[in-house]
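Using the sequences and the hints given, assemble the complete structure.
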Amino acid sequence: MSLPSNQAICLEHLTKAFSPERKVLDDVSFSVPRGEVFCLLGKSGTGKSVTLKLIMALLRPDEGKILIDGEDVLALDTHALQETRKKVGFLFQNAALFDSISLRENLAFPLRRHTAKPEAEIAEVVKQKLEAVGLGNDGDKMPSDLSGGMKKRAGLARALVLDPQILLVDEPSSGLDRITAGEIHELLGELKEKNGTSMILVTHDPAGVRRFTDQIAVLDGGRIVANGTPDELEQSDNELVRELVQGGQDR
Amino acid sequence: MTLFSTLGSSVEKMGEVGVFTGRVLRASIKRPFEWQEIVQQIHEVGVRSLPLIAASGVALGVVMSFHTRSSMVRFGAESMIPAVLAIAIFREIGPLVAGLLLAGRVGAGIGAQIAGMRVTEQIDALEALAIDSFKYLVVTRVLACIIALPVLTTVIDFAGLIGGFLSENAISDTSFRYFFNRAFASLDWTDYIQPTLKTTAFGLIIGSISSYLGYTATQGATGVGRASTGSVVYSSLVLILTNILLVKFTEFWFPQ
Numbered sequence: 026m027s028l029p030s031n032q033a034i035c036l037e038h039l040t041k042a043f044s045p046e047r048k049v050l051d052d053v054s055f056s057v058p059r060g061e062v063f064c065l066l067g068k069s070g071t072g073k074s075v076t077l078k079l080i081m082a083l084l085r086p087d088e089g090k091i092l093i094d095g096e097d098v099l100a101l102d103t104h105a106l107q108e109t110r111k112k113v114g115f116l117f118q119n120a121a122l123f124d125s126i127s128l129r130e131n132l133a134f135p136l137r138r139h140t141a142k143p144e145a146e147i148a149e150v151v152k153q154k155l156e157a158v159g160l161g162n163d164g165d166k167m168p169s170d171l172s173g174g175m176k177k178r179a180g181l182a183r184a185l186v187l188d189p190q191i192l193l194v195d196e197p198s199s200g201l202d203r204i205t206a207g208e209i210h211e212l213l214g215e216l217k218e219k220n221g222t223s224m225i226l227v228t229h230d231p232a233g234v235r236r237f238t239d240q241i242a243v244l245d246g247g248r249i250v251a252n253g254t255p256d257e258l259e260q261s262d263n264e265l266v267r268e269l270v271q272g273g274q275d276r
Numbered sequence: 531m532t533l534f535s536t537l538g539s540s541v542e543k544m545g546e547v548g549v550f551t552g553r554v555l556r557a558s559i560k561r562p563f564e565w566q567e568i569v570q571q572i573h574e575v576g577v578r579s580l581p582l583i584a585a586s587g588v589a590l591g592v593v594m595s596f597h598t599r600s601s602m603v604r605f606g607a608e609s610m611i612p613a614v615l616a617i618a619i620f621r622e623i624g625p626l627v628a629g630l631l632l633a634g635r636v637g638a639g640i641g642a643q644i645a646g647m648r649v650t651e652q653i654d655a656l657e658a659l660a661i662d663s664f665k666y667l668v669v670t671r672v673l674a675c676i677i678a679l680p681v682l683t684t685v686i687d688f689a690g691l692i693g694g695f696l697s698e699n700a701i702s703d704t705s706f707r708y709f710f711n712r713a714f715a716s717l718d719w720t721d722y723i724q725p726t727l728k729t730t731a732f733g734l735i736i737g738s739i740s741s742y743l744g745y746t747a748t749q750g751a752t753g754v755g756r757a758s759t760g761s762v763v764y765s766s767l768v769l770i771l772t773n774i775l776l777v778k779f780t781e782f783w784f785p786q
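Residue numbers (our numbering), protein chains in the order written: chain A, 26 to 276; chain B, 531 to 786.
One thing to keep in mind: the hints can contain errors.
To be verified - The following label-pair restraints were derived from C-beta to C-beta distances:
#1 A:D52 <-> B:R553: 26 to 36 Å
#2 B:K560 <-> A:G221: 28 to 38 Å
#3 B:V549 <-> A:D124: 25 to 35 Å
#4 A:E215 <-> B:R578: 41 to 51 Å
#5 B:Q566 <-> A:K152: 20 to 30 Å
#6 B:F784 <-> A:E146: 53 to 63 Å
#7 A:E144 <-> B:H573: 42 to 52 Å
To be verified - Some residues of chain A that are not near chain B, with every Cβ distance over 10 Å (derived):
#8 R129
#9 G173
#10 D245
No lab work stands behind these hints: they were computed from the structure.
Since this is a predicted model, take the numbers as computed values, not measurements.
Using N, Cα and C, we set each Cβ at its ideal position, and we do this for glycine too.
Okay, here's the thing in structure tokens:
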């Protein structure tokens with residue numbers, strides 16, 4: 026039984042190491058209120074993607090606590106964890122599409138598994154989601170026939186197919202041209218405004234999502250070195266923080 | 531020191547496969563059951579292996595008939611050829627060869643496919659979509675191997691007999707009825723049931739080892755290659771060793 030929480034996601038003192046010499050994450054804590062967009066910035070290899078995987082319980086932390094909708098995901102049994110995961114959409118950095126089935130089937134698969142929708146309705150939902158990311162005519166293509174940018178958009182469509190309350194997005198605009206990246210950012214902004222979707226965005230383009238970002242945190246050396254609103258962090262004394270927030274670093 | 535560490539690592543791996551197999555067996559009796567995927571995998575493992583199994587069975591029967599004939603003729607016991615062929619194929623050759631063929635065709639496929647999904651984060655994607663990847667990918671494939679192998683063994687047994695008949699018919703003009711009457715007159719149900727049931731253990735070995743190597747794969751394309759090759763090598767090896775134990779076990783509990 027979980028307590029009602031106004032936090033969509035809450036991380037408390039999270040620590041993760043893949044080798045004894047180096048901690049990827051060291052005592053990381055932050056929370057994302059419902060309906061807000063949280064941007065996680067940092068240079069490559071600072072543990073941003075690991076943070077997202079820990080939230081989804083795809084990895085286990087060495088220490089710390091992860092709450093989704095007030096539920097401690099590390100304490101859940103398999104069934105309860107799956108119920109919690111249904112509330113969360115996850116766009117992987119490399120999209121992670123199922124390569125043995127078509128794009129359309131990639132999107133239909135979670136709908137068939139988790140809803141009682143008839144096939145006609147599933148086809149309609151899939152069509153809408155594909156159109157939303159500009160892949161309306163590519164449903165029959167296999168993932169191997171898609172470009173990197175198309176895979177990214179397809180991965181986002183699949184992450185959205187169950188209409189999740191929470192979205193974890195790992196680099197939504199990497200590999201995309203500016204126009205398509207802008208369209209994806211527009212879509213994410215709409216999700217926040219119309220559906221009240223809470224999001225954690227790992228991005229190297231904070232300027233592109235600035236309009237609807239509520240909070241930014243900067244990871245460096247496995248620790249959160251800055252956490253605040255975009256305006257606050259732009260005035261930071263830390264040069265790395267300023268550069269990352271202004272989108273000038275590691276692009 | 532190196533020998534000991536290699537030995538230690540092998541024992542550790544065997545222990546891990548044992549634990550993995552135990553997890554498969556526990557998960558296979560827990561709801562929800564992935565019926566649709568199990569049927570799909572039985573098609574993949576069983577139906578798609580049929581041409582290879584049937585062709586190999588016929589070829590095996592022909593070759594065995596050549597060898598049996600050359601020995602039998604020496605003792606003037608040509609009339610025993612169908613019986614000797616039937617007993618050899620049903621009791622030992624059929625189950626063992628079917629198991630080894632499946633380890634080659636399906637073991638490599640399972641290892642490579644699951645490893646490919648692991649290194650491209652597709653297994654993580656399944657989990658993120660609230661699907662139990664272990665039940666969906668591993669349990670279904672292991673069950674498919676357990677179910678399909680006895681059926682494939684039956685096919686290779688009969689294909690072997692047909693091969694033997696074709697060979698005998700070509701050499702000595704033996705009639706179909708005579709050949710099969712002589713073959714089945716020498717066979718008892720225990721010659722079929724026990725060796726065929728034994729192949730469920732072979733199916734468990736092939737499915738578990740291949741799935742384990744795929745599910746725990748690392749290091750990108752190299753890892754996929756290792757999982758694929760390892761699946762065939764270790765499945766075949768463990769299958770052959772287990773066969774010795776099972777034959778002794780069967781002889782002890784069900785003496786002829």
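Review point. Do the beta carbons of V549 (chain B) and D124 (chain A) sit within 25 to 35 Å of each other?
Key: With Cβ atoms ~29 Å apart, the hint holds.
Check your understanding: Is the gap between the beta carbons of K560 (chain B) and G221 (chain A) within 28 to 38 Å?
Key -> 36 Å Cβ-Cβ, so the 28 to 38 Å window holds.
Exercise for review: May I ask you to test the hint 26 to 36 Å on the CB atoms belonging to D52 (chain A) and R553 (chain B)?
Suggested key: Holds, since D52 (chain A) and R553 (chain B) (Cβ atoms, about 33 Å apart) stay within the stated range.
Exercise for review: Evaluate the given range 20 to 30 Å for the C-beta pair formed by Q566 (chain B) and K152 (chain A).
Suggested key: Holds, since Q566 (chain B) and K152 (chain A) (Cβ atoms, about 24 Å apart) stay within the stated range.
Review point. CB of E215 (chain A) to CB of R578 (chain B), is that within 41 to 51 Å?
Key: With a Cβ separation near 46 Å, E215 (chain A) and R578 (chain B) satisfy 41 to 51 Å, so the hint holds.
Exercise for review: Confirm or reject the statement that R129 (chain A) sits farther than 10 Å, beta carbon to beta carbon, from all of chain B.
Suggested key: The claim stands: R129 (chain A) keeps its Cβ more than 10 Å from every Cβ of chain B (closest is about 16 Å).
Review point. Is the nearest Cβ of chain B still more than 10 Å from the Cβ of G173 (chain A)?
Key: G173 (chain A) clear of chain B: closest Cβ-Cβ about 13 Å, beyond 10 Å.
Exercise for review: For the range 42 to 52 Å, tell me whether the beta carbons of E144 (chain A) and H573 (chain B) fit it or not.
Suggested key: violated, 21 Å
Point to revise | Separation of D245 (chain A) from chain B, once the least beta-carbon distance is taken, above 10 Å | key: holds, 25 Å
Check your understanding: Is 53 to 63 Å right for how far apart the beta carbons of F784 (chain B) and E146 (chain A) are?
Key -> holds, 56 Å
Hint compliance for this structure: hint 7 alone is broken.
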